[in-house]
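Student: The lines below spell out each chain.
2 protein chains.
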Amino acid sequence: MDKKIKDNIRKLRDSSKVAYVGSVNGDGFPQIKAMLVFEHDDLRIQYFSTNLSSKRCAQFRENPKACVYYCDKGRYKGALFTGTIEICEDRETRAMLWRDGCEMYYPGGIDDPDYCVYKFTAKTVNFYSGLSNTTASIDELYE
Amino acid sequence: MDKKIKDNIRKLRDSSKVAYVGSVNGDGFPQIKAMLVFEHDDLRIQYFSTNLSSKRCAQFRENPKACVYYCDKGRYKGALFTGTIEICEDRETRAMLWRDGCEMYYPGGIDDPDYCVYKFTAKTVNFYSGLSNTTASIDELYE
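Protein sequences, first through last, are from chains A and B. Everything in the first sequence is counted per the working numbering, starting at 1175 for the first residue and increasing by one. Everything in the second sequence is counted per the working numbering, starting at 1175 for the first residue and increasing by one.
Check the hints yourself; a few may be wrong.
For identical chains, the list gives no copy identity; a pair is met inside one copy or between any two copies.
No more than 30 Å apart at the CA atoms, straight line, and that leaves these computed lysine-lysine pairs for DSSO-like [said to hold, decoys possible]:
id, residue 1, residue 2
1, LYS1178, LYS1191
2, LYS1251, LYS1185
3, LYS1297, LYS1178
4, LYS1177, LYS1239
5, LYS1229, LYS1178
6, LYS1297, LYS1180
7, LYS1180, LYS1229
8, LYS1177, LYS1229
9, LYS1297, LYS1185
10, LYS1293, LYS1185
11, LYS1297, LYS1177
12, LYS1191, LYS1251
13, LYS1239, LYS1178
It should be emphasised that the hints constitute simulated quantities derived from the structure, not laboratory data.
Construct all of the structure, not just a fragment, from the sequences and the given hints.
Tutor: Shown next, in the form of structure tokens:
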């Protein structure tokens, strides 16, 4: 994968406050939800905080297939990561992703019983910009 | 469905320049792409223009299960429509969705062989705003 494309993917994720997370429901229909991006550390493993009681947590436990999409609407650029999501309830992961302000959603803090973390592991990434379009394994991003 | 929620869903779609369209690929993974919204006529049937040669057209022909998501990131509001997508190549539908500027993508105009239209038929809609969350059949929106 071209260095310029790698840089573009990284820049797009770094500047994104929101990601669009895709799942497949029990009837086989795709579902999408916007989620806040609290960390930009790694492209292979990406974390999102969410409600353990949500419908989507149950969906991911049934079917871990997922995607995470970042886009720059104004510039017709997008990066689509495809992989799987695991629901993490361990304290270490919850503490790692905790940010000031999270208590608005989880009044009980890091140990709030409704707070959990999606751990997304990417397998492939697709990047488009204008008419160019590239798909590669996630490992190629780090070569 | 509450009148206020119906109004919110309609307002959200009316003000959206972009929708996030979900599909399921041949390996069963969800996929997302941002698409321009050229019409806001009906919530039951929604149209999007796209490239006939794209991977996603082939995906929808294999598996028509789809979703269309609109969101107001700043206000934590979102409307997720779940349904099916049919690929339309007939001139009437292509002409109906054609807008000034489309020739940038389809230099051959309405009859460009790579221009086609997604016809999305919604079955259900989910709307969330803050912590409230409602799912209903699409017909309830029109009751």
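Student: State for each hint whether it applies.
Tutor: Verification of the supplied hints:
1. LYS1178 - LYS1191: both (22 Å within a copy, 29 Å between copies)
2. LYS1251 - LYS1185: Both: 11 Å inside a chain and 26 Å across chains, each within 30 Å.
3. LYS1297 - LYS1178: within (20 Å within a copy, 42 Å between copies)
4. LYS1177 - LYS1239: Within. Shortest intra-copy distance 28 Å satisfies the 30 Å Cα cut-off; inter-copy 35 Å does not.
5. LYS1229 - LYS1178: Cα proximity of LYS1229 and LYS1178: across copies only (23 Å, versus 38 Å in one copy).
6. LYS1297 - LYS1180: Only inside one copy: LYS1297 and LYS1180 sit 15 Å apart there, 39 Å across copies, limit 30 Å.
7. LYS1180 - LYS1229: between (34 Å within a copy, 22 Å between copies)
8. LYS1177 - LYS1229: between (39 Å within a copy, 24 Å between copies)
9. LYS1297 - LYS1185: Classified as within: same-chain Cα gap 19 Å, cross-chain 37 Å, threshold 30 Å.
10. LYS1293 - LYS1185: within (21 Å within a copy, 34 Å between copies)
11. LYS1297 - LYS1177: So LYS1297 and LYS1177 pass the 30 Å test inside one copy only (19 Å; across, 43 Å).
12. LYS1191 - LYS1251: both (15 Å within a copy, 15 Å between copies)
13. LYS1239 - LYS1178: Close inside one copy (29 Å), not across copies (34 Å); limit 30 Å.
No hint from the list above goes unmet by this structure.
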